[in-house]
Amino acid sequence: MSGATTTPSPFGARPIPAAAGIGLRAAHYRELLAARPAVGFLEVHSENYFGDGGAPLHYLEQARAHYPLSLHGVGLSLGSTDPLNRKHVAKLKRLVDRFEPALVSDHLCWCSVGGTFLNDLLPLPYTEEALEHFITHVAQAQELLGRQLLIENPSTYLTYRHSTIPEPDFLAEVTRRTGCALLLDVNNVYVSSRNHGFDATAYIDAMPAHAVQEIHLAGYTVNVYPEGEMLIDTHNARVHEPVWKLYRYTIARLGRRPTLIEWDADLPALEVLVEEAQLADAIMDAHDAVADWDDESRETAGSATQETVAETKGARRKANPTCSARSSWHEN
Amino acid sequence: MAPSLREIQQCFIDAVLHEQVDPASIVADGRFPAARHLQLYRNNVFESLTAALRAVYPAIERLVGDGFFCYAAHEYVVQHPPTSGNLHDFGNRFAAFLAAFRPASRYEYLPDVARLEWAWHEAFHAADAKGRSRAAKNMAPGAADVPPLDPASLANVSPEQYALLRFHIHPSARLVASRFPVAAIWEANIRTDDDVPEIDLDAGADQLLVIRRDLTVEVEHLGRGEYALLEAMSRHETLGEACKAALAHQPDLDLVRCLQEYVRRATLIGFSL
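Here the protein sequences come in this chain order: A and B. Take the first sequence: its letter number 190 is residue 190 in the numbering used here, and every next letter is one higher. Take the second sequence: its letter number 195 is residue 195 in the numbering used here, and every next letter is one higher.
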């Protein structure tokens with residue numbers, strides 16, 4: 001029998017739906033497993049599950065049985081001039097093999113040089129040298145993992161004297177040359193745009209839309225210094241209104257995308273995360289409704305009623321396989 | 001000539017770890033002068049690494065206070081920054097660092113408390129006993145494990161080979177010994193209430209087994225004999241050698257009862273000949 005050699009997945013095929021998801025953090029393990037809120041997917045920091053056993057992996061396995069999963073890394077250090085850390089990639093591969101995530105991501109950044117790691121997402125100078133270097137490491141990591149990576153745009157608090165390439169162009173070239181996808185962090189775009197004084201919507205416009213497979217949303221903190229304000233990407237608050245606005249703009253341009261509510265510090269109650277996810281879902285639903293209205297308007301020369309909008313919206317959902325599965329994610 | 005990426009990264013990391021290094025040759029002036037921009041990263045790095053140490057060493061933080069802890073953590077980060085992107089490994093030298101850290105030299109028990117906290121951290125993330133994770137997958141959290149070592153399998157070993165058996169200790173098991181009552185000090189300082197009991201530092205030495213039973217890390221007191229027994233087994237000594245070491249410390253130790261308990265409670269999870 002040809003199928004006898006392949007082990008069936010213990011989790012079943014669970015693609016990430018184009019809906020909002022939440023981060024899974026230790027403080028919420030039990031509550032999430034008991035309540036199983038209707039969110040599209042869960043995301044965890046890969047490195048938090050680099051241990052060999054115990055509670056973190058136990059709870060992740062339980063949660064994975066009920067939700068699609070995204071693994072979000074902070075430690076591959078893809079932009080470092082050190083060789084790619086094979087041990088780190090191997091630990092990530094072990095997680096990927098065990099939990100079968102739908103998405104695996106890390107950042108456009110570096111964390112280490114000369115074997116010293118700073119546990120921070122440090123900005124790269126956007127030069128031709130850095131571009132070649134980053135592309136080589138992304139290609140190597142994808143080869144070793146045997147799958148596509150998503151690369152996230154960082155929040156930055158400084159620029160380099162020698163940068164010559166705009167960040168969106170840098171990312172676009174990385175996806176073109178490596179086949180990697182992008183994780184567009186809308187909060188990061190907003191934070192960096194405020195810190196460096198660029199136009200956030202122009203940044204979104206410059207993103208290669210087809211490559212964006214996930215969006216991040218989070219809350220920032222405004223630090224006030226004698227010289228002025230600086231926005232810090234702290235992941236410790238509700239999504240701020242200007243970021244929701246930029247998100248609406250992004251969805252209008254890209255359409256629905258898996259969207260994560262990132263919240264890592266000063267964790268709120270689980271239901272606050274779910275509420276934030278519902279807000280993101282509502283923005284995507286509103287976009288669909290408008291898009292359907294537009295389609296309908298073109299077809300019927302403006303005679304569409306609210307009912308027909310609702311109907312076409314339903315049809316659109318069914319036509320999209322990742323959306324049709326949505327009602328069953330949180331079933332037993 | 002423009003600096004290479006390598007030179008930029010080396011300069012950046014030096015400037016983060018050492019305030020006297022000026023990043024102006026690589027960082028552009030923006031809203032702030034270059035050095036102020038870099039300072040934001042310096043703050044992030046020290047804050048996040050101090051938080052990582054705080055998560056592993058809550059009793060040390062409570063014992064020395066937040067201000068002193070931040071000061072010690074800053075020195076530790078400069079001397080022993082992380083060497084991988086896997087933060088679980090970060091802080092492994094904190095006990096040795098504290099032992100050599102002059103400002104803390106009055107508190108002789110601190111390094112041993114740190115050793116206990118590191119053992120707890122390692123036990124928390126250590127591998128499950130073989131076969132556990134799949135079998136227990138659908139069990140509720142806290143459900144009891146089936147001991148992976150079936151006592152009946154020992155029946156196939158002939159008595160003359162007993163002394164040559166090598167038992168396998170649970171992968172999470174760590175042994176900590178101190179001349180101070182570290183378990184009591186640790187216990188009193190991981191609680192969040194304000195009521196810290198007075199502890200007599202001369203109340204005796206501790207020999208401790210730190211082990212994860214199911215999902216919970218336990219800290220258990222051992223007699224000198226049991227400590228020597230488990231310590232020898234964790235070095236993969238034969239049962240004969242381990243028993244010899246145990247009886248040297250405690251001639252009246254009930255070895256049979258010890259072994260039964262270890263198998264029943266999955267302190268020992270297998271054996272080989």
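Hints in this document: simulated from the structure, not taken from any laboratory. Don't take every hint at face value.
As the list claims (entries may be wrong) - Distance ranges between label pairs, derived from CB positions:
| id | chain 1 | residue 1 | chain 2 | residue 2 | range |
| --- | --- | --- | --- | --- | --- |
| 1 | A | D285 | B | V196 | 51 to 61 angstroms |
| 2 | B | A24 | A | A26 | 18 to 28 angstroms |
| 3 | A | A26 | B | N43 | 17 to 27 angstroms |
Stated by the list, open to error - Chain A regions said to be covered by chain B (calculated; three or more residues, Cβ under 8 angstroms):
| id | stretch |
| --- | --- |
| 4 | 85 to 93 |
| 5 | 142 to 151 |
| 6 | 174 to 186 |
| 7 | 190 to 197 |
| 8 | 279 to 291 |
Said to hold, decoys possible - A partial selection of chain A residues facing chain B, derived with a Cβ cut-off under 10 angstroms:
| id | residue |
| --- | --- |
| 9 | W110 |
| 10 | G114 |
| 11 | L158 |
| 12 | H240 |
| 13 | W244 |
All C-beta atoms, glycine included, are put in the ideal place defined by N, C-alpha and C.
Tested hints:
Hint check: D285 (chain A) to V196 (chain B), Cβ distance near 54 angstroms, so the stated range 51 to 61 angstroms holds. Roughly 41 angstroms separates the CB atoms of A24 (chain B) and A26 (chain A), a value that falls outside the hinted 18 to 28 angstroms. Between A26 (chain A) and N43 (chain B) the C-beta distance comes to about 25 angstroms, which sits within the given range of 17 to 27 angstroms. Beta-carbon proximity to chain B at under 8 angstroms applies to 4 residues in the stretch 85 to 93 of chain A; the threshold of 3 is reached and the given coverage holds.
Counting residues of the stretch 142 to 151 of chain A whose CB lies closer than 8 angstroms to any CB of chain B gives 0, which falls below the minimum of 3, so the coverage claim is violated. For the stretch 174 to 186 of chain A, the proposed coverage by chain B is not satisfied: 0 residues have a C-beta within less than 8 angstroms of a C-beta in that chain, short of the threshold of three. Here's how the stretch 190 to 197 of chain A fares: 3 of its residues keep a CB closer than 8 angstroms to some CB of chain B, so the rule of at least three is met and the hint holds. By the rule of at least three residues with a Cβ nearer than 8 angstroms to a Cβ of chain B, the coverage given for the stretch 279 to 291 of chain A is violated, with 0 such residues.
Hint status for W110 (chain A): holds, given a least beta-carbon distance of 6 angstroms to chain B, under 10 angstroms. Because the closest C-beta pair between G114 (chain A) and chain B is about 7 angstroms apart, less than 10 angstroms, the hint holds. Contact between L158 (chain A) and chain B, as hinted, is supported at the beta carbon level, the nearest pair being about 4 angstroms apart and thus within 10 angstroms. Taking 10 angstroms as the C-beta cut-off, the interface hint given for H240 (chain A) is violated, the closest approach to chain B being about 19 angstroms.
A hinted interface residue such as W244 (chain A) counts as satisfied when its beta carbon comes closer than 10 angstroms to some beta carbon of chain B; here the least separation is about 25 angstroms, so the hint is violated.
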